[in-house]
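Participant: Okay, here's what each chain looks like letter by letter:
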Amino acid sequence: MATTLLELAGVWAARGRTVALRDVSLSVPRGARLGVFGPGGSGKTTLLKLLAGLYHPSRGELRWSPPPPPGGLGMVFQRDALLDSLSALENVALPLAGRPRAEIVAREALARVGLGEDAGAKRPIELSGGMRKRTGLARVLAANPPVKLFDEPTAGLDPATEREILDVLDRAHDASGLTVTASANPEPFFPRCDLALVLSAGEPIAFGEAAEVARRGDVRRLFGAE
Amino acid sequence: MRAFLSASGRLVLRVLRGVGAYALLAGRLLIATPRMDGREWLRTVSIAGVDALPLCLVTAALTGALVVIQTGFYVESYGVTSLVGWGAGYALFHEFAPLIASLALSGRVGAGQASDIAGLRAGEQLPALEALGVDIDRALLAPRFWAIAASVVVLAVIADVVALSASLLVAVGLLGVPPGAFLASVHASLRVADAVPGIVKAAAFGLALGACSLRAGLAAPAEARGVGAAARRSLVATLTAILALDMALTGLL
Ligand SMILES: Nc1ncnc2c1ncn2[C@@H]1O[C@H](COP(=O)(O)OP(=O)(O)OP(=O)(O)O)[C@@H](O)[C@H]1O
Ligand SMILES: [Mg+2]
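Quick mapping for you: the protein sequence lines, in order, are chains S and A. For the record, in the first sequence the residue sitting at position 18 is 18 according to the numbering used here, with numbers rising by one throughout. Just add 1000 to wherever you are in the second sequence, counting from 1, and you've got the numbering used here.
Derived from the structure by calculation, the hints contain no laboratory data. Just so you know, these numbers come straight off a predicted model, no measurement behind them. A virtual CB, placed ideally from N, CA and C, is assigned to each residue, including glycine.
One side only, chain S facing chain A, incomplete, derived with CB under 8 angstroms: (1) A52; (2) P70; (3) L73; (4) R79; (5) A81; (6) S85; (7) P95; (8) A97; (9) R139; (10) A143.
Build out the structure end to end from the sequences listed, making use of the hints.
Facilitator: Dropping the structure here:
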């Protein structure tokens, strides 16, 4: 059994007047690929933002051992979260400022998600929704932090591009870190995760080996497979 | 009595919190300045300049003309045409040019920066960058702060030139002052050193404008309605700060 990297003990989270997470407990070993699945509004984004340190639990405890260093964690937001004043390439290069060959690394990352020179030179507002999503992914791939959080990484992509992106994300996984992927449509993600957490209205209804969770009747019903 | 005490206590706390917040922001900006992103600075200066220049030019020309028209009565009745150039130049350099430049920038650029920063927080661009370890101060805040401050100074100098030219045109065209006399009066009574207090004022207004607009953007609620709130707060804060600084500096300089 690998060492535990992340532990949540009875974590609750409030978003405004909504209780977005109720009593979530889980333990994730180093090197794991964790899927966080649930219908719209079930608390997936809230959980990822807690992991990113953007909010704090209203109750319970969230422990990293050890905590990721500055720049050791990267999140791809559901909304693309790019700066409109910069080109796509400059957006990807931004977290690399000061590193050698920043621009080459940024260009390579864009190429990995299928975006070429011409797309890289454009502003985010001049790109399609799917291209913006891929630029946001490239930004995290270029920075390559050991802990990667992906919120709906393939939403809005056509099926062929989705498969390519899933492969790229698989290869980007860091065996000494952690990859967490959130999606309301878990079908393509189950086989690519080690562990899965299923949320329903903020409540954790399943947590365990991804393959086992995927077979459970209540989980299949939640996502309309039966 | 207790109500009065608690109300004044709250007010003192609010003022202290405000001062603390600005001190914190100033500290962040100063620490980030040596390593700030030069391209972001240049980008902001060019946007700020293009945005505020037309308003600045028009107000500067009108103010230059008005200063001469207002003094025209005395000039004609006392025949002191030799003083028009000095009077216009002094008022414009010391008072009007820095005010014109900073007010033109506070409306378009200051409020714009405040709502832009608030929008970047609401749209999660800033949290996303921070989560990736990007130093927001170095990449965005410090360059924008210095760009705003520099723009005020540059626009104030441009306003000096434009307003004085407009004064000259009005003095010559309406009051019949010979152009040579106007220029001689400017030349004889205004030293280069007379431009310094105006530039110092412009720099002070610029720093205040930068700090107030960034702070308004950072303090607004990180959601869609925060964007408009940030713009309004920025306007109120900058106008208050600029006029207060103007009073203080006019006494000192
Ligand atoms: N800023 C906010 N203010 C108030 N409530 C919020 C806020 N953000 C989210 N919520 C609420 O918190 C709950 C969980 O939201 P969250 O965004 O975590 O869900 P999600 O699973 O990511 O949904 P989706 O699949 O639509 O992205 C929802 O009920 C939502 O209404
Ligand atoms: Mg979400």
